[in-house]
Amino acid sequence: MLSRDARTGGDIALRLVNRFGGDRVVTDRATRALYASDSTENEPHTPRAIVYPKSVDEIRALLEIAREARCPVTSRVAGLNVGGLAIPAEGGIVCDLSRMNRILDVNRSEQYALVEPGVTWGDLKERLAAAGDEFVVNYPLAPPETSVLACCLMDGLGTLTMRYGSMGEWVNGVEAVLADGTVVRTGAASVSPVWFSRGPLPDLTGLFINFQGTTGIVTKLALQLWPKRRLRERVIVPAYEWAGAFEFSRRIARTGLFDECGGFSWPAAKMLFGVAVPVGRAPAEPAIFFAVDVSADTHAELALKRAILADTIRGVRALGFHFDAPLDVNALIAASPGFSQFSDLPTRLTFLIDNPGGGLTWIGAYGPMSTMEEAARDGFCVMARHGFPPLLVTRPMKGGHYAVMRFVETFRRADPADVARIRALHAELVEVVLDAGYIPYKLPPSLVPAVMRRMDPGARDLLQRVKAAVDAQHILNPGKLGF
Amino acid sequence: MQVVIRDEPSMNLLGLLLRTRLENATGPIEGEVEVVAGAMHVALRFRGDAVEVMRGDSRTGEPPKHRARIEGTLSALLDCARGRGVVRNFVTRAIRVGGDPRLLFRFARALGTL
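If you read the protein sequences in the order shown, they are chains A and B. If you want our numbering, it's the 1-based position in the first sequence plus 127. If you want our numbering, it's the 1-based position in the second sequence plus 186.
Simulated from the structure, these hints should not be mistaken for lab results. Beta carbons are placed, not taken as given, at the ideal position from N, Cα and C, and that holds for glycine. Any given hint might turn out to be false.
Claimed, not checked - Chain A is nowhere near these chain B residues, computed Cβ spacing over 10 Å in every case:
#1 Gly224
#2 Arg233
#3 Phe276
Stated by the list, open to error - What follows is a set of in silico ranges between Cβ atoms, one per label pair, in the way DEER data are often shown:
#4 A:Gly484 / B:Gln188: 33 to 41 Å
#5 B:Asp286 / A:Pro543: 49 to 57 Å
#6 B:Pro214 / A:Asp424: 27 to 35 Å
#7 A:Val404 / B:Thr212: 42 to 50 Å
#8 B:Asp286 / A:Ala551: 51 to 59 Å
#9 A:Thr477 / B:Pro214: 52 to 60 Å
#10 A:Pro495 / B:Pro195: 49 to 57 Å
Claimed, not checked - Here's a subset of chain B near chain A, in silico, CB distances under 7 Å, partners left out:
#11 Pro195
#12 Ser196
#13 Asn198
#14 Leu203
#15 Asn210
#16 Val222
#17 Ala225
#18 Leu260
#19 Gly269
#20 Val272
#21 Arg274
#22 Asn275
#23 Val283
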């Protein structure tokens with residue numbers, strides 16, 4: 128509940144200016160409007176002020192002011208999470224962490240990077256290249272200006288997810304400021320000076336992953352790095368039937384040999400080639416394209432992996448499914464330079480982010496490999512009924528233990544009817560994915576009730592108790608997990 | 187070359203893939219060429235320095251009668267469009283051609299394949 132002070136502004140802005148200085152507290156209408164919304168259909172809320180802290184002590188000071196005024200605080204860096212998670216509460220404070228942007232360590236021995244919240248994927252890639260280019264991380268299909276830390280806390284995915292799991296699993300530990308100003312350090316770093324692993328103590332790091340900014344403001348995060356292989360190539364595998372595609376997905380994951388097998392359905396390919404709103408799949412056109420990443424230390428290893436990929440394709444062809452031979456991504460780029468957006472991550476997918484309507488949203492969900500077909504079939508049905516093409520991003524995760532199905536839509540953000548259409552679609556789509564055993568990640572606030580209804584009551588109650596323990600006043604990003 | 191895609195929202199991926207190559211092609215060319223990759227068909231109608239790209243099935247209206255035809259796997263066509271593996275793809279019949287050889291020659295030269 129907002130105080131009168133928070134609703135009207137009162138002296139909060141003045142107190143923030145007195146503490147941080149006028150250059151790091153912004154209250155003008157135009158800037159506040161920029162922070163009020165994102166690319167999604169989620170309801171905009173205008174903050175009272177935006178504050179740019181530069182240290183842990185400043186975050187503690189900000190939270191002290193917020194506590195006293197009972198004013199909500201929402202953390203943010205790029206605001207591109209496509210879940211409405213960085214949209215503040217009306218009249219709240221945005222804690223813009225983009226100026227806390229140091230890479231504090233690249234630990235070559237234990238293979239991790241220690242980053243502050245404002246460090247972007249572009250920054251990290253540059254730093255790793257400068258440090259000898261011996262490590263890789265799980266670059267997401269997101270613009271380079273997005274936050275590494277935010278992506279990890281929201282359990283996103285990337286180019287090495289098929290091998291090592293979603294981003295939350297890459298985190299060795301965090302430092303966070305709780306609502307009462309307590310600073311906590313989790314993982315191995317809670318005892319050791321080295322952030323070498325998540326365990327072996329109770330997993331407090333989990334208190335900050337997928338909690339969507341409701342349990343603390345994370346100020347440092349240790350992210351696992353992996354050795355960079357000497358050779359790497361990406362091929363595109365066109366598949367013509369959905370069932371064959373998912374079978375291929377399962378088989379490729381179980382080989383344990385490939386880094387990535389990201390599938391993009393035909394509307395994504397058409398949009399990449401400049402078609403704003405694809406209207407239908409042409410006869411005999413591939414249903415989905417898999418981007419398969421192969422890495423190796425020797426040419427012999429690379430050749431062996433290529434042979435195993437070819438063998439896997441032969442195996443699904445033998446079941447009667449139609450697959451084209453793998454296409455070299457460089458040949459596709461030569462034919463159509465737009466394809467370069469798929470070759471080097473992080474990337475700005477202009478056909479999605481800069482689409483003419485300005486709206487981008489999705490329901491992305493993790494779930495069983497065994498129900499991929501069911502989720503896709505039923506999801507596409509709902510999308511078609513609401514007039515959207517079956518734009519899907521899918522991949523096996525962590526060696527095929529689970530999968531991601533992300534149903535993506537672009538829309539006209541300025542058109543209330545189109546926004547209403549998206550909301551109606553998502554209200555149905557979330558039930559479809561849940562029915563198939565899938566669970567949305569980066570959970571938009573509007574979909575929280577649907578998930579909570581199906582959650583084990585004990586787990587739901589425990590979540591509430593955890594929240595009460597770390598943020599009794601409910602000032603941290605309220606409403607984002609139903610509390 | 188000026189490229190016009192007829193009914194772009196429903197154009198198949200082969201037509202969309204060819205667009206950039208055709209934009210960089212140099213004319214003039216006159217005539218109709220059919221390109222086939224797997225089961226995807228595209229009809230190209232060249233008129234001087236312009237080309238119209240149509241789907242080679244009935245959805246976008248009757249495609250023109252072609253004077254030349256190129257057929258192959260998507261992979262082989264992409265290779266040839268980059269000027270790579272042309273001989274190999276012909277010898278292994280990954281690419282097959284038919285029809286007016288002069289038009290085929292001009293088409294290949296315009297795309298930079300030869």
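Structure-based check of all given hints:
Interface exclusion of Gly224 of chain B from chain A breaks down, the closest Cβ pair being 6 Å apart, not more than 10 Å. For Arg233 of chain B, the requirement that its beta carbon stay farther than 10 Å from each beta carbon of chain A is met, with the minimum near 22 Å. Taking the minimum C-beta to C-beta distance to chain A, about 17 Å, the non-interface status of Phe276 of chain B holds against the 10 Å cut. Range check, Gly484 of chain A to Gln188 of chain B: about 28 Å between beta-carbon atoms, so the 33 to 41 Å window is missed.
Separated by about 56 Å at the C-beta atoms, Asp286 of chain B and Pro543 of chain A satisfy the suggested range of 49 to 57 Å. In this structure the hint that Pro214 of chain B and Asp424 of chain A lie 27 to 35 Å apart at CB is violated, the actual value being about 51 Å. For Val404 of chain A and Thr212 of chain B, the Cβ-Cβ distance of about 32 Å falls outside the hinted range of 42 to 50 Å, so the restraint is violated. As the Cβ distance of Asp286 of chain B to Ala551 of chain A is approximately 54 Å, the hint placing it in 51 to 59 Å holds.
At about 33 Å, the CB distance of Thr477 of chain A to Pro214 of chain B disagrees with the hint of 52 to 60 Å. For Pro495 of chain A and Pro195 of chain B, the hinted distance range of 49 to 57 Å is not satisfied, since their beta carbons lie about 34 Å from each other. Annotation: Pro195 of chain B was flagged as interfacial toward chain A, and the flag holds, the nearest CB pair being 4 Å apart, inside 7 Å. The restraint placing Ser196 of chain B at the interface with chain A holds, with a minimum CB-CB distance near 5 Å, inside the 7 Å limit.
For the restraint placing Asn198 of chain B at the interface with chain A, the shortest Cβ-Cβ distance is roughly 4 Å, inside the 7 Å limit, so the hint holds. Contact between Leu203 of chain B and chain A, as hinted, is supported at the beta carbon level, the nearest pair being about 5 Å apart and thus within 7 Å. The interface hint given for Asn210 of chain B is broken, as the beta carbon of that residue sits about 10 Å from the closest beta carbon of chain A, more than 7 Å. Below 7 Å, beta-carbon pairs count as interface contacts, and Val222 of chain B has none with chain A, the closest being about 10 Å; its hint is therefore violated.
The beta carbon of Ala225 of chain B comes within 3 Å of a beta carbon in chain A, closer than 7 Å, and the hint placing it at the interface holds. The criterion of a C-beta within 7 Å of any C-beta in chain A is met by Leu260 of chain B, whose closest approach is roughly 5 Å, and the hint holds. With its C-beta approaching chain A no nearer than about 9 Å, Gly269 of chain B sits outside the 7 Å limit, and its interface hint is violated. Taking 7 Å as the C-beta contact cut-off toward chain A, the hint placing Val272 of chain B at the interface is violated, the least distance being around 13 Å.
For the restraint placing Arg274 of chain B at the interface with chain A, the shortest Cβ-Cβ distance is roughly 14 Å, beyond the 7 Å limit, so the hint is violated. Interface hint status for Asn275 of chain B: violated, as the beta-carbon distance to the closest one in chain A is roughly 12 Å, over 7 Å. Hint on Val283 of chain B is violated. Least Cβ distance to chain A is approximately 19 Å, over the 7 Å limit.
The structure shown violates the earlier hints numbered 1, 4, 6, 7, 9, 10, 15, 16, 19, 20, 21, 22 and 23.
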